[in-house]
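Undergrad: In UniProt numbering, the protein residues as written are 1 to 987.
Any given hint could be a false lead.
As the list claims (entries may be wrong) - In the BS3-like style, the derived pairs of lysine-lysine whose C-alpha atoms are separated by at most 27 angstroms in a straight line are:
#1 K550 x K572
#2 K148 x K230
#3 K543 x K479
#4 K572 x K542
#5 K218 x K230
Hints were generated in silico from the structure; no laboratory data involved.
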Amino acid sequence: ILRKTTLLSREQIKINILNDYRIITLIHEEILQDHPVPEKKRPHLINIQEYDPDMNAQRIFSRFLELVKETGMDTQKFNYLHGLIHGDLNGMNILIDSQDIVWVIDFAFSGRGHVLRDITKLESCILYEYVQIKNEEDLSILKRMAVKLIRANHLCEILDNDILDSACGHLRFAWNSIKALRMYAGNYCQADPEPIQLVVSMLHFALRALHFRDLSDKRLPFFVAVECAKRLVETLETHRTLKPPVQKDLTSGTQRIIETMNKHLDPAQLEYEKKRYFHDIYVKESYVIDVITRDRVHIAEQTVELELIDGLSREQILSQDMDVDEMQTQRRLQKRLQALQGAMNYDKETPQTNQDEEDGHARFTTAMQVLSNQKGKAHRIVLGGAASGKSCLLRKILLSTIQEQSGSSDDVVPVLLLLIDLGRLMTKKKLNSEHDLLDIYLENVCGEGSARLAFFRKVREQKCLLILFDGLDEAGDHKIEIEKYIAKLSLSEPRITVSSRVTGFNDQVFRDFHFYQVMPLTSEMQDQIIDTRLGKRHPNLKKIKSELRKRQYTEIVRNPLMLSLLISLLSKQIEKSNEEAQDSEKKPSTQEHYTRAYLYKHAVAQLLHQSSMNKFGMRRGMDDKFIEDTTKVLASKLCYDYLKCLSFYAHSKRIRDFSPEVLTRLAGQHVKLVVYCPEQGNSQVLEQKSQQLFEMIGILQSAVFDGRCSLFAVSKVAVDTAASRKRLEKIPGPEDKDIECFNYVMRFVHLSFQEYLAGLYIVDNLQYGLDNNTFEETLKDLLYPVNSEDGILHDPWWQGVMLSMAGSMSDFLFEKFSQFLVQTSDSTGANIVLAGEMLAEIPESNFQDSASMERITENMKNGFKTYYTESNLVSALIHQSRHLQHIALTEVRRFSDPIQAAYAVVFGPGVDQSSVDASTTALANYPWYTRASAIQALAMIPEIKRDPVILGILIDFWGDESSLVRKSAVEAVKTLGAEMSNVVTHE
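Whole structure, please, built from the sequences with the hints as guidance.
TA: Take a look at the structure:
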C-alpha cells in the first residue's frame, strides 16, 4: 500500500497543517478540557490533574496556542506532500497469512491525505499499543525513544542510539520497526524533508491516544504530546512559522536513507520480497479485462502461437536450449504416422493430431519454454499485428516464469515494462539512451529506497533478471532512444524480450536478436476460448461454434480481439433469434454480416456511450437525467465526427496520448473542415457549432474521468511546470490554488479503435470528394501527405486503417478506390495485393450491386496481368486472400508449364525441375498459415500429381509442426488423386 499508492500519487497541496490534523480542537478537548466533547467520549478523558498536577503541560499548550494566534499559523497555508493513504494503518488492519504474505484491510478512511499520516499512525500504535510497559525502566527507555524521534532535525536523518539498539527484545523490536518507518518518512518527503510536519502528526496521534479506552497506561502518549508541544513552541518562537528552513548539513540524507534501507535487506528479507513480488504478479496479472463485456478473463484463455522466423527452426532452438531433440523427433514421427494413416484411409475423417497437439495451449507452452528459458543469452523480439495478443503473451511469460521457480537464489525474476509509460517518464525527467532507463523506471514504480527496488537491484546484479519490454511501437517520440538503450542493455543483460508490431522497430538495431512471430489463432484455440468464455453448458454453444465456422469469418476469427467481439455479438443475436422464434407475431430480424468494420463499429459504440440510452427511459432521478444527457451527446454525430478527426490526427503523428490542449486545439481545426462543417460561409452557424463542439469535448472528458466512457484510458503525465503556472494564472479562483506539475491524458483503450476511426475519417473525405468531383485530389492529399515520401498506402503503421476502411465504403466508392489502386500500381503489384486484401474484408452479400462486384474483380484481374512476373505470381499464390489466389490460379492455367509454377511456389522464383535442390525449400521457411495457403494452391494444380519431387515435399509436410499444415498436405494428396503414386505408397 505504501509503495503502490502514496509514493506514486504524491503531489504538493497547499493546506493549513494544524487544521488538517485538528490540533487546536484536540488540545482544547484533551488537555485544556475547556471545550464540550461528545457524550460517548467524555468517560474516557484523562484526569488532567493526575497527569499534570503542577499544570506545566497546560501552560506549554496555552503558550503554543498563543503563538499560533500571534503568527497566524491557524490560517496560514503551506505546500505539503499529499497522496493516497490508508487512513487507519494500525496493527488490527495488517494481516499475515500462512504463506507469510502481508495483507492490508479496512479501507473505510482511505483517500487523499498528508503522506506522513499512515507512518505516524503506525508508529504511534507501536509505541502506545504494541509495547507493554512492564516497569519504570521500560517507560524511561520509551521516553528516550520518543525524544529521539521528536528532536530529529531532518526527516532523512539516520536514527542511531546505542542504548536503544541494545535494549531488551520487545523494546528493540519496536525501535527497529520505528527506524524502518522513519526511513520511509525520509523516502516520502525527500523533496520536503523538514521535520516539523512529522511532529505535528505525532502530536495528533498522541492526543487521540489519550482517550483510548483500551489503553490503561496513558503516561507515554501524554509525555509525547507535551514534548511535541515544546518542539513546536521553540520553532514558533525562533522562526515564527511552522515551515522553517531545512538544515543544509544533511543534504545527502536521502542517499544515506536509501543505503541504510538496502543494507538492512539481508538474504532472508530479499527472499521474502521475492515471494511478495511473485504473489503481487500472480494477483495482478492473472486476469485481463475483456474490452467489450468488461468481464475479468483469465490470462490462460487468451492464447497465441509462436513461430521462429529468423531462419532457425523451432526444433533447432528447442534442441540448442533445452536438449529435447529426441522428444521432438519422437513427436514428429508420431505425427507423420498419424497423417499417413489418414492418407491411406480416405473413408475416415481426417486424423486428429496427437494429444499434445490437440491442446492449443501445448504449443504455446513449448514456445514459452523457449521464451522464458533461463540458460544463456536470450534476446528476442516478438512481432505481431494489431490485437494479435502480444501483450497477453508477455504477461503469460511473466506468470509462467514465476510459476516454474525452484526457490533457489539463482531463480530468474521477470519484470514487465510498458514502453508507453517509459516514454512518458523520459518526457517527465528529460531522459535519453545514455541514462539507465531500467533502473529509473523501477525506481519510479517501486519508490526510491523501497525494499522492492533493493530486491530488483540485487537480482539485476546477480544477472537473474528477465526483462520484458511491451509495446515498442507505442513508445512515441522516444522510440529511437529506447531502441538504442535496449541494444546497449543487451550487452550486459542476458535475457530481454521485446514485443512490437512489424512497423515498430529498427531491424538494424536488433540484428543480434531472435525474431518470433505471433501466429493467428488455430481452430482448436478458438474452440477453447469459446468454451471458456461461454461455458461448455451454454445452451447456444453449438450454434455459435457453427456460425463461427462460416466462410465469411475464416480470417477474422484468427484474431483474439475480433473473436472476442464475435462471441459477444453472436451470443446476443442467437438469443434474440430464439426469442423471436417463440413469438409468432414478431417479424424475424435480418442476419447481420459481421465484417471487421461492423465489429469495430459495434465495439466503439458500446464503449463510447455504453449503448444504454434506452435503459434510462423509465427513470426520473437527477443523476439518471444527467447520465442520459451525457449518453446522447456521446452518441451524437458531432462526437463521432470529432473522434474521427482526432484519430486521423493522432495516427498521422504516430501518437497515442491526447492532452486537453490537443483536444482543444483540434476542435478549432475541426470546424474548418468542409466535410464535417459544410456551412463555412455562415459565421453564425460556425460559431454555434464551435460552441457545441467545446461543450461536447468537456462532456467527453468528464465521462472518461468519471468512468462512464470506456473507449479511453487515462494516464497522469508530467507537464512543464512553468507552462502550468502560466496557464493557471489565467484561471480565476482562490489565491491558494495548487500549481499543477502534471496533466491527465487520454488514449484509446486499444490502438485498433484509433485505426478504425482514422479509417472512417478517410472514407468520409473520399465520399465527399466523390460527391463533389474532387475524388482524385482528395485521395492524393490523404494518402500521399506532403511529409511522406511513399505515402501511407503500404506503410505497415496504416495497414489496419486500410483494411478497416473497406467495410465502411459504399459499393461505388470502393469500386472507384480499387480502380485507383489498380491503375497506380507499380511493378511490384503492391496496390493490387492491397486491393485484394481489402476486397476480402467485404462479403459478396454486402454488395447491393452485384455488377459492381464483377467489375471490381475483372478490373483486378486485368491489373494483375499488367504486372505479372513469376515472383509476383508466387506472392499471390501463397497469399491468404482467396481472391488473389484465384486470380493467380487463372494465370497458372495459362502457363505453358504449370509444373514450373508449382516449383516456384515450393522452391522459390527462378527454380525449375533442372535446378532444384529438394533438400532446401523456400516454403519451409514461411509462417505456418502461409505454408497452408501455398499447399492449398498446389492442390489446385492437377499436373503435379505424378511429380515425385513435389509429392515428396507434400508428404514431408505430413510431419509439420502445425496441425493445419499437416491437414492441408494430406488433403492436397487426396484432392490430386495421387494415392496410387509410388511415392505415396512407399511413404
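Undergrad: If you test the structure against every hint from before, which numbers come out violated?
TA: 3
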